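So the chains spell out like this:
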Amino acid sequence: MLFFSYFKDLVGQEVTVELKNDLAIRGTLHSVDQYLNIKLENTRVVDQDKFPHMLSVRNCFIRGSVVRYVQLPPDGVDVDLLHDAARREARGA
Amino acid sequence: MSVEEDATVREPLDLIRLSIEERINVKLRSDHELRGKLHIPCSLSSFFWQAFDQHLNMILGDVEEVITTVEIDNETYEEIVRTLKRKVLFLFVRGDGVILVSPPLRTT
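Top line first, the protein sequences correspond to chains A and B. First residue of the first sequence: 0, per numbering that gives the first Met the number 0; consecutive thereafter. First residue of the second sequence: 0, per numbering that gives the first Met the number 0; consecutive thereafter.
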């Protein structure tokens, strides 16, 4: 549930999904489900010469089990908010 | 209301819990290795101090990825080609590819 919630918060951001077959797809995160299946919009394959299979594909559904990595936007993790919360928690405990 | 972090190590996943917000070494399938900082992704209080789940899905920051490929020469021995690929800042790693997680190797 943790990463499902995390990805739900990331909807609308640009990510790069690297699959287990080394194909990397860049696109806007449209939606995600409990299995971490991913729907991307406005997709482009990262290495188009090496992977010409999906040249004309602009939207895709990716089964969660074939994902190796998801490269996230640098501001995708709310570190400061969390550190403040952690400090507050430590003070209150 | 406050969530207390239990410091007792009871099961293998607790060992990884000790490395939250620390740098770790992750070995993956297909000869991939990652070195990065185990990050806490969610600021929601219900997921406090959770940086990974039971599947070993995790978020790493400042990641260095090493992909090892082995090329075999027909006449002589194997030639090992190591490719270094550097990732940009934050990376979600799907747990089903993870083989092992450890603190970074220290050379004494």
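Just so you know, the hints here were simulated from the structure itself, not pulled from any lab data. None of these values were measured; they are calculated from a predicted model. For glycine and all other residues, C-beta sits at the position ideal for the given N, C-alpha and C. Be aware that a few hints might be false.
[To be verified] Now the in silico label distances, taken between C-beta atoms and shown as ranges:
#, chain 1, residue 1, chain 2, residue 2, range
1, B, P102, A, R43, 14 to 22 Å
2, A, Q47, B, N73, 15 to 23 Å
3, A, N36, B, K84, 39 to 47 Å
4, B, T7, A, R43, 42 to 50 Å
5, A, K19, B, N73, 35 to 43 Å
6, B, E10, A, Y34, 21 to 29 Å
7, A, V56, B, P102, 26 to 34 Å
8, A, D21, B, S101, 39 to 47 Å
9, A, Y34, B, T75, 26 to 34 Å
10, B, I79, A, K49, 33 to 41 Å
11, B, I71, A, D8, 42 to 50 Å
Verification of the supplied hints:
| no. | hint | result |
| --- | --- | --- |
| 1 | B:P102 / A:R43: 14 to 22 Å | violated, 37 Å |
| 2 | A:Q47 / B:N73: 15 to 23 Å | violated, 32 Å |
| 3 | A:N36 / B:K84: 39 to 47 Å | violated, 26 Å |
| 4 | B:T7 / A:R43: 42 to 50 Å | holds, 48 Å |
| 5 | A:K19 / B:N73: 35 to 43 Å | violated, 29 Å |
| 6 | B:E10 / A:Y34: 21 to 29 Å | holds, 25 Å |
| 7 | A:V56 / B:P102: 26 to 34 Å | violated, 41 Å |
| 8 | A:D21 / B:S101: 39 to 47 Å | violated, 25 Å |
| 9 | A:Y34 / B:T75: 26 to 34 Å | violated, 46 Å |
| 10 | B:I79 / A:K49: 33 to 41 Å | violated, 22 Å |
| 11 | B:I71 / A:D8: 42 to 50 Å | holds, 46 Å |
Violated hints for the displayed structure, listed by number in ascending order: 1, 2, 3, 5, 7, 8, 9 and 10.
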